[in-house]
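With the sequences and hints as input, model every part of the structure.
Protein chains in written order, with our numbering: chain A, -17 to 287; chain B, 539 to 924.
Just so you know, these hints were derived from the structure itself, not from any lab. Don't be surprised by glycine CBs; every beta carbon is placed ideally from N, CA and C. Keep in mind that the hints are not guaranteed to be accurate.
Unchecked claim - Which stretches of chain B does chain A cover? Using the computed rule of at least three CB atoms under 8 Å from a CB of chain A, they are:
#1 698 to 705
#2 718 to 730
#3 850 to 864
#4 879 to 893
#5 899 to 907
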Amino acid sequence: MDAGLLGQYVFNGLMLGIIYAMVAVGFTLFFGVLDVIKFSHGDVLMVGAFVGLMTYLGLSGLGVTSGALLTVCAMFAAMLAMGVLGALMARWLVLPLRNAPAINVLLITLMAGTVLRELIRLFYPAGANPKPFPRLLPTDAISIGTLTLRYDNLILLAVGVGAIVAVHLLVTRTKLGLAIRAVAQDSETARIMGMNFQMVVLVTFALGSALAALAGVTAGLYYNEINFSMGLLLGVIGFSAAVVGGLGNLYGAILGGFLFAALQTLGAVWFSVPAYKDVFAFALVILLMAWRPTGLIAEKAAERV
Amino acid sequence: MSRDKPASILPALLLLLSAGIYAFLFLHAEQQWEVAVLAILGVAAILSAGRLGISGQVERSWRCSPVLLGWLAMIVAAALIYLLREDHFSLLMVATLLLYAMVCLGLNVQFGYAGVVNFAGAAFFGIGGYTAAMLAGHTATPHLLILAIAGLLSGLIGSLLVLPLLRTRGHYAALITIAFAILFRTFLEVNDLLGGPQGLKVPGISLLGWNFNDNIEIDDETQFSFYLAYALFSLVLFALAFLLVRRLERSWLGLSLDAVRIDETAASVFGFNVARWKILAFSLGNVLAGVAGAVYAMMTGFVAPASFTIAESLIFVSIIILGGVGNPIGILPAAALVVILPEKLQFIQEYRYLLFSAFVILILLFKPGGLLPRPLRRYFAHWGKA
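This is how it looks when you write it as structure tokens:
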């Protein structure tokens, strides 16, 4: 295999990895503050992508033609809408089940995800069919030897990295981040210290959901197609990535995202039938879980009997 | 209420009779509004029975002669199937309901008793179906043996997941079964030997020279639907599975499973072999799902990856949540709600996933025990009251 082709695979893997990492960071944030899995995350991503598409359709109907402006508006509209949706779901579905078994939260959000998916399928015009997502960014390419890198993909990669770095800075450097980390470490003590627990939880869910919306619009711009069921697989992959990395750990989620993308890319290279790449990646996830039951960056846990 | 007062058998008899009549009316209802009214009445009856203490009375009266009432229940079900003898569609629904309920019995052992989550129920159902397709299509294996092999193979493939499942718990364990469900479906779609996305044809069951797929001709005039045989066969299988699960629950095995679910750490401190009980529950559940899947595939005549998606697995999980986790009785009304209602109510067919998800959300929020919450374990008829 020559260097150009290898580079192409690495670049595609990086693109996938950044999308997966954005989804996984959401899972890990939610798990951090509430010890729950919000399984509707992938479907929130999908709805975010549709909000992005609708924003584009609305704005271009109004005569806006600048690709950069349309992209920025689509991304912000999707993030805003999904941030609100995420907070609402946390308030009405997740928080009421705080004292129920953890699996009930997983189930209720799974069902909420199905509701979102079905709503788009049934009520978005011709929602059961894949929708073309416009190319809004310049598609010129720079060539380095046999390796071609398109500008739009480079921009998307930069946006993704920027978003993850921003979340990281938010969590580690700001007062809000301090509150999120305090609640994650010990929510009772955090409350005794006068923190508004519910507000921290809602903000965290809004943050994670906005990140998912960004990932959704990014996926739309990258594949130039979105459909109502895209969230299911992306959600499961994001969940796998967060779990393989170690739930509750921001670096683990990023590591897991890129690891999963690497596994899929390797699978696509090795197998003559490319569809085996998912079989390969998920089989390795199961093996990884058997080897490191609480992820690569292990959760520190002690049990009281 | 005195605790020694012997319960009367009457409430249980009335329940059986009314359930039989209700099921007949429901399956026979032709108009959409009739179905809707009956469905609402049914759910309301179950919910109010819990409120008014009727379910407690029925339960006590059932305990005074469980064997007799069990046989009576079988007779009522068989009579119902016989009354529907010429109606292909109703019989197909009854058989489907019973087979789905059988899978849920398995999931109930896994999740309700041992606390092992399984989001790959449809995958194990599918393993049974594909085993039947391969064996019945390409070999001359006797069909009863095929059912047994389908169950065993399903359990065997499930055992590949045992090690990761034992090492993980909670969300990490949930991920393993979800990953397996997706892996299985993708594998079926890309594997040409197994028919790819189009799936495979499956021959019907034939037992001792009797081909289930032939209509039963009594004379030139009367002809019974061939689904009659499948419905009765599914009834027998379901009854056996139900008996097995009930016995398991009542035995020391069930007690151990409960202990492992309620507090794994405490159970292991008290000397329970947690791994052994989880393996037992997980394998038993998968075997039941595999057998049911094989019968279902042979009844419907084909298997395809689209029937074994994670959405189908979620349908199974919804059934046990709706019915009441850990209560095998609750599975039947819940499965009827999930399997039969959308078939009868054509106008909700398109919206069924939406409606069920919304319904499960409401149940989880407001009645987390399900329609029929699991009652306390009682070993003697006179223990406890209400």
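A quick look at each hint next to the structure:
1. 698 to 705: Per the Cβ count (4), the hint holds.
2. 718 to 730: Since three or more residues must qualify, the claim that chain A covers the region 718 to 730 of chain B holds, with 7 doing so at under 8 Å.
3. 850 to 864: Since three or more residues must qualify, the claim that chain A covers the region 850 to 864 of chain B holds, with 4 doing so at under 8 Å.
4. 879 to 893: Three-residue rule met by the region 879 to 893 of chain B, so holds; n is 4.
5. 899 to 907: This one holds; 4 residues, not fewer than the three required, reach chain A with a Cβ under 8 Å.
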